[in-house]
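Please put together the full structure from these sequences, using the hints given.
Going line by line, the protein sequences match chains S, R and X. The first sequence begins at 1 in my numbering and counts up by one. The second sequence begins at 1001 in my numbering and counts up by one. The third sequence begins at 2001 in my numbering and counts up by one.
Check before you lean on any hint, since a few could be wrong.
[Stated by the list, open to error] When the alpha-carbon atoms are kept at most 20 Å apart in a straight line, the in silico PhoX-like pairs for lysine-lysine are as follows:
no.	chain 1	residue 1	chain 2	residue 2
1	S	Lys82	S	Lys153
2	X	Lys2191	R	Lys1075
3	R	Lys1075	X	Lys2130
4	S	Lys10	S	Lys304
5	X	Lys2223	X	Lys2060
6	X	Lys2191	X	Lys2169
[What the hints assert, rightly or not] Reference excerpt, derived from the structure (chain X facing chain S, CB under 10 Å, subset only):
no.	residue
7	Cys2065
8	Ser2100
9	Asp2121
10	Lys2140
11	Phe2160
12	Ile2161
13	Ile2166
14	Ser2170
15	His2171
The set of hints was computed from the structure by calculation and includes no laboratory data. Even for Gly, the Cβ is constructed at its ideal location relative to N, Cα and C.
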Amino acid sequence: MERTIYREIKATRQVWGLAIILAGFVAGSLAAFFYVEHHGHIVTGMNNRIVWGLPHVFAIFLIVAASGALNVASIASVFDQKVYKPMARLSAVIAMALLIGGLVILVLDLGRPDRIIIAATVYNFSSIFAWNLILYTGFLGIVGAYLFAQMSKDVPYATTRKIGLLAFVWRLALTTGTGSIFGWLVARPGYDAAIMAPMFIAMSFAFGLAMFLLLTATLLRLSDRVIGDALMHRLGRLLAVFIAAVLYFTVVRHLTNLYTAEHAGFEYFTLIGGGIYTWLFWLGQVLIGGLVPLALLLLPGFGKSPKTPLVASVLVVIGGFAQVYVIVIGGQAYPMELFPGYEITSGSGLGGIANYSPSLPELALGLGGVAVALLAVGVGTKVLRILPTTLSDANIGQDPL
Amino acid sequence: MILFFRLALLCAVAFGAGSLAAQERSSLLPDIPAATGEPHAEGNAFWRRNHMDLMSHDRDLTLRDGDREIDASLKGCFDCHTAKDEAGQIVTYESEQHFCRSCHEYVAVKVDCFMCHRSTPDGVDEHALQAAFLPRKPLDSADIQGVIVYLNQNASKPAEAGQ
Amino acid sequence: MKVPTLKGADISRRDFLRSGAAVATATLAPGVTLMAFGGSEAEAAADAGKRWGLLIDANKCDADCDACVSACSTENGWKGEGNPETDAQWIRKITLQNTSTGREVTMPMMCQHCEEPPCVDVCPTGASFKRVDGIVLVDKHTCIGCRYCMMACPFDARSFIHEPVINQKSHAPRGKGTVESCTLCVHRIDKGGRPACAEACEATGHEAIIFGDLKDPESDISKRLAKFPSVALRPDLDLNPGVRYTNL
Ligand code: SF4
Ligand code: SF4
Chain S
1 MERTIYREIK ATRQVWGLAI ILAGFVAGSL AAFFYVEHHG HIVTGMNNRI
51 VWGLPHVFAI FLIVAASGAL NVASIASVFD QKVYKPMARL SAVIAMALLI
101 GGLVILVLDL GRPDRIIIAA TVYNFSSIFA WNLILYTGFL GIVGAYLFAQ
151 MSKDVPYATT RKIGLLAFVW RLALTTGTGS IFGWLVARPG YDAAIMAPMF
201 IAMSFAFGLA MFLLLTATLL RLSDRVIGDA LMHRLGRLLA VFIAAVLYFT
251 VVRHLTNLYT AEHAGFEYFT LIGGGIYTWL FWLGQVLIGG LVPLALLLLP
301 GFGKSPKTPL VASVLVVIGG FAQVYVIVIG GQAYPMELFP GYEITSGSGL
351 GGIANYSPSL PELALGLGGV AVALLAVGVG TKVLRILPTT LSDANIGQDP
401 L
Chain R
1001 MILFFRLALL CAVAFGAGSL AAQERSSLLP DIPAATGEPH AEGNAFWRRN
1051 HMDLMSHDRD LTLRDGDREI DASLKGCFDC HTAKDEAGQI VTYESEQHFC
1101 RSCHEYVAVK VDCFMCHRST PDGVDEHALQ AAFLPRKPLD SADIQGVIVY
1151 LNQNASKPAE AGQ
Chain X
2001 MKVPTLKGAD ISRRDFLRSG AAVATATLAP GVTLMAFGGS EAEAAADAGK
2051 RWGLLIDANK CDADCDACVS ACSTENGWKG EGNPETDAQW IRKITLQNTS
2101 TGREVTMPMM CQHCEEPPCV DVCPTGASFK RVDGIVLVDK HTCIGCRYCM
2151 MACPFDARSF IHEPVINQKS HAPRGKGTVE SCTLCVHRID KGGRPACAEA
2201 CEATGHEAII FGDLKDPESD ISKRLAKFPS VALRPDLDLN PGVRYTNL
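Printed below as a string of structure tokens:
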């Protein structure tokens, strides 16, 4: 096992090409932002019932994935797994970048983004939202310090480990906080569940690792560096565990809901009669994001191929978007039970399943946020020594397959 | 920020000395519409300097505590401070002649009051007025030249803020 | 007498140095000022000894009448652009059908002015707030338009302003990008009046909306509440709303 050497990625034509494409997406999101800012949210698909739309799906996916992307670093320093160490820096950078991307979307979607200074200075401490803002900024600070500690020669390893532990605890709090944004909405049958918080943690593990795998593989490819087959396989196995955890919490959540009478209607909506939401749940979340990648990773035939974890990651990301969509939008579309025993036959928009069709500006805004995150990772690895020159099995001390 | 303070100072000086040299500089000074009603007991200088604090203070009293016996409200301002255009129509914030805008534009301080508040007295229809409104003339290089000359003149003089 | 300096930070809410007082201190003797000022304050401010509420009688509400809705719209200057999904809806007429008996009831619904308002709990900036007399409002000067309050409100009582607005009423400012809901006509209440919907309903002769002080046992609303059965919507959430319904 040799010492890991970290080097900046080179600005090849390919790298520039990708950067330009990403910049295009960022420009698109800015255009969408000014468009919505000028006309008001009337030009989006959002309305008084679906108040959080597609941008929030993107933002929440990115924020959830951000804390999960830190896992690799945590495993390395908190759980002292040597094999993961060379990837720890990258893991921290990706975590910060994904969080920034998500926050950018949230801010740009505000009704009054010009007042962001108010959000940053006036806190209502009974609001879980305000706590989240603190968790987010804290996360950026702590992970930044963690990255610095890893990269600095002067910081003793013991200190780095301590910061790593703090970052680990903080990321758990962050995901719990994100889940609680929904968990606290007691009036809504789709959200009112204590299991929301642990489920978000499981989701963050899976989404975060999937994003990490995809980004790492891309960056290594772009800079002609290798990643060992056995390491890939190992990460794939880890991903399989996380996917299983998400599936487990999904099953538990829906089973417990089925046993509580007041949630039966919502369960019927998600599982059987909810149209697009039912499709997204079964096809998107369960099949594409769960069972298929799980099977790919665990089946003896596919499981060994170094490509499989990447394919599985793509599926997990797609399934993850579907899952967040069902949670965020499906949860709002299903009406709140205002009058038990009565049906609202007319109510100027009250009652019934709420309509929502996402609009182009919303999509542009969401994709722009993803592009910001990816660009940030690219810039990070370009200017800092983040990416190891090689992740071959021999080099990192991973036993070959 | 520095530019902002400089402009604010300029504004204060201009108000103080405005009447003296109005002739020469009339194109550079804000054209503040004449008010009706009783003048402020504290004097115009006090209100020019403090109106924003007074208004945000009083708005919290009204909104949060339900205290409506206050003086500094937009509605109150418009009792006396409305501007009329050439045709004698009261103008909205869309017009550069609007009382608030005439000076705020001059000192480059953006206000967003009128995203939520009406910019005319109750009963003066904003819809009808804005439909008739024509886009304002953009700032041209002569305007900018003038401001620079004025600022330079002023910087060499000792500040004699007119408070 | 010292001339007051009014720098932003020096002005705290509820201090005696209001702009009105500043006029007086500059012109009158201090003693006179303070007395005149103290006298007006007690009447002017929201009173913690009161809790304003509405009692809505679903039996008296007429299915074909929407006097309360149009009165609110006229009073507060909001109106529909023809799309109930994105329009402002401070108050709506809703019709319910009992799923087992088929009986229909109709009644107005608006912000319930909860005593434990979820919208206030979740608002990150404190823009959603409850006055001491129980009226729940949005301070549009600090609302950032995040819509978390709309997620939290159990009654879909709030509207997000989706389009630029002009020609607002000067007593009911509202603008694009912020959230709004029924104010219980707070501008009228502060002057001793009652909400426009209650007034309009009475004018039609239905008298389905009664306004009053829930803390005053002698008020009409309290007496009725004491005498007849009534419900709070979503009693499972323990919100203790200021709006109550009877004959549902
Ligand atoms: S009804 Fe909704 S908006 Fe009104 S106080 Fe209750 S939670 Fe807030
Ligand atoms: S939309 Fe405005 S009032 Fe509602 S929670 Fe956000 S900041 Fe508060």
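Here is what the structure says about each hint:
Of the pairs offered as hints, the one joining Lys82/S and Lys153/S holds, with about 18 Å between alpha carbons and a cut-off of 20 Å not exceeded. For a cut-off of 20 Å, the pair hint linking Lys2191/X to Lys1075/R stands: about 16 Å separates their Cα positions. The hinted pair formed by Lys1075/R and Lys2130/X fails the criterion: a straight-line CA distance of about 24 Å is larger than 20 Å. Between Lys10/S and Lys304/S the CA atoms are separated by roughly 31 Å; this puts the pair beyond 20 Å, and the hint is violated.
In summary, the hint linking Lys2223/X to Lys2060/X is supported, as the alpha carbons are separated by about 18 Å, within the 20 Å threshold. This hinted pair checks out: Lys2191/X and Lys2169/X have alpha carbons roughly 16 Å apart, not beyond 20 Å. Given the 10 Å rule on beta carbons, the hint for Cys2065/X is violated: about 14 Å separates it from the nearest Cβ of chain S. Restraint check, Ser2100/X versus chain S: the minimum CB separation of about 7 Å is within 10 Å; hint holds.
For Asp2121/X, the shortest C-beta to C-beta distance to chain S is roughly 5 Å, which falls under 10 Å, so the interface hint holds. At its closest, the beta carbon of Lys2140/X sits 9 Å from a beta carbon of chain S; the interface hint therefore holds under the 10 Å criterion. For Phe2160/X, the interface hint holds, the least distance from its beta-carbon to any beta-carbon of chain S being 6 Å, beneath 10 Å. Residue-level restraint check for Ile2161/X holds (minimum Cβ-Cβ distance to chain S is 7 Å; threshold 10 Å).
For Ile2166/X, the interface hint is violated, the least distance from its beta-carbon to any beta-carbon of chain S being 13 Å, above 10 Å. Interface restraint check: Ser2170/X against chain S, minimum CB-CB distance 21 Å, threshold 10 Å, status violated. Because the beta carbon of His2171/X sits about 22 Å from the nearest beta carbon in chain S, more than 10 Å, this interface hint is broken.
In summary, the numbered hints that this structure violates are 3, 4, 7, 13, 14 and 15.
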